[in-house]
Amino acid sequence: MMAEGGSVQGLPDVPQRIKDLYKTAWELKQKLLVDLAADRGAFVDQSQSLNAFIASPSHAKLTSMHFYAWRKGLKTGMYYLRTKPAAQAIQFTVDKVIKGISEVSTSTPVDTSTAPVP
Numbered sequence: 130m131m132a133e134g135g136s137v138q139g140l141p142d143v144p145q146r147i148k149d150l151y152k153t154a155w156e157l158k159q160k161l162l163v164d165l166a167a168d169r170g171a172f173v174d175q176s177q178s179l180n181a182f183i184a185s186p187s188h189a190k191l192t193s194m195h196f197y198a199w200r201k202g203l204k205t206g207m208y209y210l211r212t213k214p215a216a217q218a219i220q221f222t223v224d225k226v227i228k229g230i231s232e233v234s235t236s237t238p239v240d241t242s243t244a245p246v247p
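Start counting the sequence shown at 130; every next residue gets the next number (this note's numbering).
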């Protein structure tokens, strides 16, 4: 999971229903985050700090998102814009040998049908 940047989406042994349930901020649709913030807005006295996670933002994407948030009635369009770096940091915590073994592993998927899902 560390080699995948914290995401379970690229792990072959994880069932799809778990992949659908657990996503990083980068894997969520940002329109959904704006919709959820708008739904909470009726219960918030002043404003919310909305963080947007857009890998490669453009003027058009940001303008579209701001107008959508404005139409939904949000008081603050965006507090922080998080972008992905141009180059990935070196992962000192991921052993190259272990990473290589996990990439070629063809183990049988774990049966999680009886495991409780929160």
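I should point out that these hints are in silico values taken from the structure, not numbers from a laboratory.
Owing to the predicted nature of the structure, the values given are computational and were not obtained by experimental measurement.
Hints are supplied without guarantee of correctness; some may be wrong.
[Claimed, not checked] Across the chosen pairs, the derived CB separations fall in these ranges:
1. Asp174 <-> Gly139: 24 to 30 Å
2. Lys213 <-> Pro141: 32 to 38 Å
3. Val173 <-> Pro214: 30 to 36 Å
4. Val173 <-> Gln145: 33 to 39 Å
5. Ser187 <-> Thr153: 19 to 25 Å
6. Leu157 <-> Pro214: 27 to 33 Å
7. Lys148 <-> Phe196: 28 to 34 Å
8. Asp168 <-> Tyr209: 26 to 32 Å
[To be verified] Pairs of lysine to aspartate or glutamate, DMTMM-like flavour, derived with a Cα cap of 20 Å:
9. Lys190 <-> Asp149
10. Lys201 <-> Asp149
11. Lys204 <-> Asp174
12. Lys160 <-> Asp149
For glycine and all other residues, C-beta sits at the position ideal for the given N, C-alpha and C.
Which constraints among the numbered hints does this structure fail? Numbers only, ascending.
1, 2, 6, 8, 9 and 10
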